[in-house]
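Top line first, the protein sequences correspond to chains D and P.
Residues in the first sequence are numbered from 81 upward in steps of one, following the working numbering.
Residues in the second sequence are numbered from 935 upward in steps of one, following the working numbering.
Quick caveat, the hints were computed from the structure, so don't treat them as lab data.
As the structure is a computational prediction, the values presented were derived from the model and not from experiment.
From the three backbone atoms N, C-alpha and C, an ideal C-beta is built for every residue, glycine too.
Please note that the accuracy of each hint is not assured.
Computed footprint of chain D on chain P; a stretch qualifies when at least three of its residues, placed anywhere within it, have a C-beta under 8 Å from a C-beta of chain D [stated by the list, open to error]: (1) 1010 to 1017; (2) 1033 to 1040; (3) 1045 to 1053; (4) 1057 to 1064.
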Amino acid sequence: MKRIFQISMTISGLLGLWALIVWLTDLPKFILPAPLQVLQKFVQRYPVILDNAATTLLEIILGLCFGILLGMSTALIVSLSRNLRQWILPVLIASQAVPVFAIAPLLVLWFDYGITSKVVMATLIIYFPVTVGFLDGLNRTSTDWQDLARIYQQGANSSALASMARLYWYIKVPFALPSLASGVRVATAVAPIGAVVGEWVGSSSGLGYLMLHANGRMQTDLMFASLLTLTVISITLYYLVDFLLKRAISWQQTEDQFT
Amino acid sequence: MVANDTDAALLAAQRGKPSPRLAGANLPPVGVQINLSQIAFSGKPILEDLSLTLTAGEHTCLLGPSGVGKTSILKSLAGLIPMAEGSSIQTTDDEPVVGRIAYMGQSDLLLPWASVLDNVLIGQKLKGERPNEGKAIELLKLVGLAANLADRPDTLSGGMRQRVALARTLMEDAPILLVDEPFSALDAITRHKLQALLCDLTRDRTVLMITHDPMEALRVADQIIVLCGQPVKAVKIEKLATAAPRDLGSPDISDRYDQIMSLLELDLRDMP
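Isolated chain D (complex conformation) (with noise of 0.2 Å):
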């Protein structure tokens, strides 16, 4: 409840600001637009606004599990090898410096103007937290416990792979899931900029196209709407996934209170 207090004296606080700085300054409509004329904006137009919202949604949201997944799958790989690791971790480091927005307009020539190509830069940009974070977890499994179920397993009839795989189902990757929800974490708050920027480069429906449709017509107030309605998108989407989260780890947070 407190929580929510907060967050709505912030919210509330900086439109204020806003208004204030309107009211102060009396620029023009197409320049800085008003709260309240934002709100109209969006009343007035809220089919066109929630229609494009869905599409943007749709991408983030199917961003993620890809993203989740593939980077989930690496972040495996690389920590069952040694060897792989050496050819990889370049190629990972590359996925992250080339900048989105350079190759964004090849993704839209391979990929078309549909959202394969949006949903293709959002797997990209959250490929690399959950990669890291998850590598980074399995890696600092405690060599405490290693030592231990190393004892276990010697007395075990069983092929190495088979012990290895139950090493980590049962021990490595639960002690990273920590680790992998704060890459999960940061991968949220920055998977809508990956379908922002594919929609802009080159789109026929999303927030992103919207806002260049609209900043291109002066429409101002509707740019912000749109622009609001991302914002309370991605908002909600980090909320929601950081609940989530702390449900599924309900263990961590105890256990922090005590180390």
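Chain P: place on chain D using the hints.
For chain P alone, kept in the frame of chain D given last:
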């Protein structure tokens, strides 16, 4: 939480009575002879030509200042660190020790996400065996945690956590038990109770326990070995007549205590 400490097994242990037999814990005791040619720590040799004899079914306590290589001896025996050339491990039944060892450390190493019961079953899961819940519950009863099967480790006290670790260790029907300062992080009373519980539940097993507390050694050990001197040598302390767990009041205990302390202090004087 304290209420759990007044458990039948604990009371039985304090009276020195044998506890009820564990299902499946029907192990012929195994003695071990360890000869280590050298133990090195980050390239520097700290210990040379050391031999230790663990008598079958006895509790051997290894005492010594920190840095003398106690944990390395344990790890060599467990196969966690490779042994130097010329070292050997010989058992009384001529079978290898690999796979017949259970280990309990200073940190309880409980999985924070798993229930008490699942923590006790983790060894079998890691080995790919079918988890034997009945046996785990029986063991948890013996250590006085029958009411906590579904609890998460973070809701337990330090002593209760170590008792879960003890149950997990006993889940292995291992004839050889390696125990590395298991109670050093606990308060005096909890430690006292757990020492008795450990003695009681590990009878008939060959136990090698590391400790830096002479009183703990005197309470639980059948045989005490002190590692001291330059170069390090193993000094056997004369056995006590009474059976472990002992009360620490008797005169022969204080006599042994003085003996151990003078050996350990000898070491301190040599230090620069």
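These are the hints, each one checked on the structure:
1. Counting residues of the region 1010 to 1017 of chain P whose beta-carbon sits less than 8 Å from any beta-carbon of chain D gives 3, enough to reach three: the coverage restraint holds.
2. Counting residues of the region 1033 to 1040 of chain P whose CB lies closer than 8 Å to any CB of chain D gives 6, so the stated coverage by that chain holds, three being the minimum.
3. Under the rule that three or more residues need a Cβ within less than 8 Å of chain D, the assignment of the region 1045 to 1053 of chain P holds, with 3 such residues.
4. Coverage of the region 1057 to 1064 of chain P by chain D holds [criterion: at least 3 residues with CB-CB distance below 8 Å; count 6].
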